[in-house]
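With chain L's structure known, arrange chains Z and W on it following the hints.
Chains as they are written, first to last, in my numbering: chain L, 91 to 246; chain Z, 3 to 162; chain W, 3 to 413.
It is worth saying that the hints were derived from the structure and are not from the lab. Every clue listed holds true.
When the alpha-carbon atoms are kept at most 20 Å apart in a straight line, the in silico DMTMM-like pairs for lysine to aspartate or glutamate are as follows:
#	chain 1	residue 1	chain 2	residue 2
1	L	K218	W	E136
2	L	K141	W	E390
3	W	K178	W	E411
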Amino acid sequence: MGLVQKIVTWARIKSPWIIHFNTGACNACDIEIIAALTPRYDVERFGVILKGTPRHADVLVCSGPVTRQIKDRLIRIYEQMPEPKFVVAVGTCACSGGVFNGCYNVEGGIDEVIPVSAYIPGCPASPKAIIDGVVKLLASVDNAAKPARELVVNGT
Amino acid sequence: MLVEEEKIRQQLVERFGLPAEKITVQRERRIWADVPAANFGEIFDYAADKLGFVILATITGLDEGPTLGVIYHIARESGIILNLHTSVPKDKPVIKTVSARFPAADAYEREMVDLLGMQVEGLPPGNRYPLPDSWPAGQYPLRKDWKSDTIGKSEVTENA
Amino acid sequence: MPEREVKLTIGPQHPMLKEPESFLLTLRGEKITDMTVRLGYNHRGIEKACEQRTYIQDMYLVERVCGICSHSHSTCFIQTVEEIAGLAVPKRGLYIRTLIAELERIHSHLLWVGVAGHEIGFDTLLMYTWRDRELVMDILALISGNRVNYGMNTIGGVRRDITTDQIPQILSAIDKLEERTKYYIQVGTEEITLRERLSGVGKLSKEDAIHLGAVGPTARASGVDRDVRRDDPYGAYGELSFDVITDNHCDVYGRTLVRLGELMQSYKLVRQILRQLPEGPIVVKAPRKIPAGQAVSRYEAPRGEDVHYVKANGSDKPERVKVRAPTLANVQVVAHMLKDGYLADTPIVIAAIDPCFSCTDRTIATTNLDNGRTDRMDWPTLRTYGIEWYSKQGIDFTELNRKLRTMRESN
Numbered sequence: 091m092g093l094v095q096k097i098v099t100w101a102r103i104k105s106p107w108i109i110h111f112n113t114g115a116c117n118a119c120d121i122e123i124i125a126a127l128t129p130r131y132d133v134e135r136f137g138v139i140l141k142g143t144p145r146h147a148d149v150l151v152c153s154g155p156v157t158r159q160i161k162d163r164l165i166r167i168y169e170q171m172p173e174p175k176f177v178v179a180v181g182t183c184a185c186s187g188g189v190f191n192g193c194y195n196v197e198g199g200i201d202e203v204i205p206v207s208a209y210i211p212g213c214p215a216s217p218k219a220i221i222d223g224v225v226k227l228l229a230s231v232d233n234a235a236k237p238a239r240e241l242v243v244n245g246t
Numbered sequence: 003m004l005v006e007e008e009k010i011r012q013q014l015v016e017r018f019g020l021p022a023e024k025i026t027v028q029r030e031r032r033i034w035a036d037v038p039a040a041n042f043g044e045i046f047d048y049a050a051d052k053l054g055f056v057i058l059a060t061i062t063g064l065d066e067g068p069t070l071g072v073i074y075h076i077a078r079e080s081g082i083i084l085n086l087h088t089s090v091p092k093d094k095p096v097i098k099t100v101s102a103r104f105p106a107a108d109a110y111e112r113e114m115v116d117l118l119g120m121q122v123e124g125l126p127p128g129n130r131y132p133l134p135d136s137w138p139a140g141q142y143p144l145r146k147d148w149k150s151d152t153i154g155k156s157e158v159t160e161n162a
Numbered sequence: 003m004p005e006r007e008v009k010l011t012i013g014p015q016h017p018m019l020k021e022p023e024s025f026l027l028t029l030r031g032e033k034i035t036d037m038t039v040r041l042g043y044n045h046r047g048i049e050k051a052c053e054q055r056t057y058i059q060d061m062y063l064v065e066r067v068c069g070i071c072s073h074s075h076s077t078c079f080i081q082t083v084e085e086i087a088g089l090a091v092p093k094r095g096l097y098i099r100t101l102i103a104e105l106e107r108i109h110s111h112l113l114w115v116g117v118a119g120h121e122i123g124f125d126t127l128l129m130y131t132w133r134d135r136e137l138v139m140d141i142l143a144l145i146s147g148n149r150v151n152y153g154m155n156t157i158g159g160v161r162r163d164i165t166t167d168q169i170p171q172i173l174s175a176i177d178k179l180e181e182r183t184k185y186y187i188q189v190g191t192e193e194i195t196l197r198e199r200l201s202g203v204g205k206l207s208k209e210d211a212i213h214l215g216a217v218g219p220t221a222r223a224s225g226v227d228r229d230v231r232r233d234d235p236y237g238a239y240g241e242l243s244f245d246v247i248t249d250n251h252c253d254v255y256g257r258t259l260v261r262l263g264e265l266m267q268s269y270k271l272v273r274q275i276l277r278q279l280p281e282g283p284i285v286v287k288a289p290r291k292i293p294a295g296q297a298v299s300r301y302e303a304p305r306g307e308d309v310h311y312v313k314a315n316g317s318d319k320p321e322r323v324k325v326r327a328p329t330l331a332n333v334q335v336v337a338h339m340l341k342d343g344y345l346a347d348t349p350i351v352i353a354a355i356d357p358c359f360s361c362t363d364r365t366i367a368t369t370n371l372d373n374g375r376t377d378r379m380d381w382p383t384l385r386t387y388g389i390e391w392y393s394k395q396g397i398d399f400t401e402l403n404r405k406l407r408t409m410r411e412s413n
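Isolated chain L, as found in the complex:
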């Protein structure tokens, strides 16, 4: 129950509004991100809300190895988010390009394009790892009175 306790704790501190963006991913991470919102994991009860627009979001949850076609969009979304803002790279592709590293139409990890606050590896990253990563990120923000440092999550 440690994880639940952590979530309850930071939910009192802040309830982050999240925007999810797929930069060319295979969708495995995307369905695990959405699974994190559904009953078994259900982060919504802790105040984590999925928003449709970057203008209201605190955290950009990103999957995918960033295809050329999508790169500019990713930058614009990031620019539209108000400060303070955080970027979570979900999945190995978002961290480094994953299996698609070296393919002619991908940039590589999200951090090739925008600054990343937290990396959640996994292929795909499981809902537990995703929640853990977001929780760790926000806990670190709350603990330190400065912008989020890079964190790497070893979750399953």
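Quick look at chains Z and W alone, frame taken from chain L:
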């Protein structure tokens, strides 16, 4: 056993005078035929109209060195696939669209245009697929001599 | 108010950015008169990468063409390579592959039912189907070690065996899922609100489905009796019995019924597979270098026919790998389905071909041809527009949401 497949093979050999070794029955439900570009069109139409190959599974383009190859994978409702291969010279890689009969061919043909530099006559105007608009001309990723790192990461972005 | 033609663009995420759009709609009032599709946002260059990597490396790459039907792509690719190499996969290996295939179909179809519910405002359906789906995710994780991207295949067979203690767990999950699916079928067939919302939407006649090359449940819902598992059998399907589910509604309602019917068939297939599971090895050794040759393979993925072509040249790397995913066939049909439909239908009609998520993460832009002004909507806004538009027509899911919640919570 392979009665139907052999029958199809015979019909194609007889009607178009194709050399026997250019059409093979690989196994049940799989026939491979290598036909000259000159009469590809009529063979394709015959297979679709008269032999019941009414499903276009996909079209594969290949870099064969001096030529670009095209394989049309067409299937019968019963599951038999006829793989019709033809080649065109790389310095004049022109084929005719089959999208009038198979509208789905549109995407498969555009893919060959973008990735191999194929020229497809008769393709209606439309968006390119799958490369971005700003992809430099003359760069064909699926050609054997094209290296994946030819175009730098930040050189091509979608929007000016 | 004079009707004008308006061009509406469903494009990528950001509202204020001028970019190449995914879907361009032409409107007359609230009706769609035309639509064009622009693809490529997910183009990663996989086919090229395959030529530069070994067959084993390609196995892991191809598995990630799509994460929702990863086993489909993996199996279709491997089947092709095995055929070129002349490998006879042991029966037990084929049965295990087929088991995973059907479990994947189950997870994918349940996912789809939930997504469809979300698009029309029936959100409790999303919550309950995805909760049920966790049962099959658990089973997939039990068997393969991962919830998604199972890595079960290798060239020559499968990498992991089914153990005897796993079998009752799988059967128990299937029993529960079958009960719940029966309830969703009941909701689908008996609830007027759902029926009215989905009927006549995204119309596709049988003739058009055939002519335009639709595949999978999208085609079968228009009465097209095609299923690769029966027509061009692979894996263990030659020894299994099941019904191909077709429907004649030719609309989104039909596509819903087909997927629900296929779920029931999948439960039946899983039980058969486990009952008939032969003893013996699960894999046969494969050479590192695949002899020169070529083959084409088809597979009935949850979304429809998946086609892989491989040409080998005698080395440890393929000469050519071609992948035609089912969504590419179906997305070319969407324009036709939306013609003469309402703007409010757009989210569910696109969702009903069961496309990849990235196709649906798009922004909508409106160009008013009278004054040249451009407005933009994002997908969630279009979804809300659709839900509210139908609500005004008297089709509202508030009551059904409440009803489903009450019935499920009381169990």
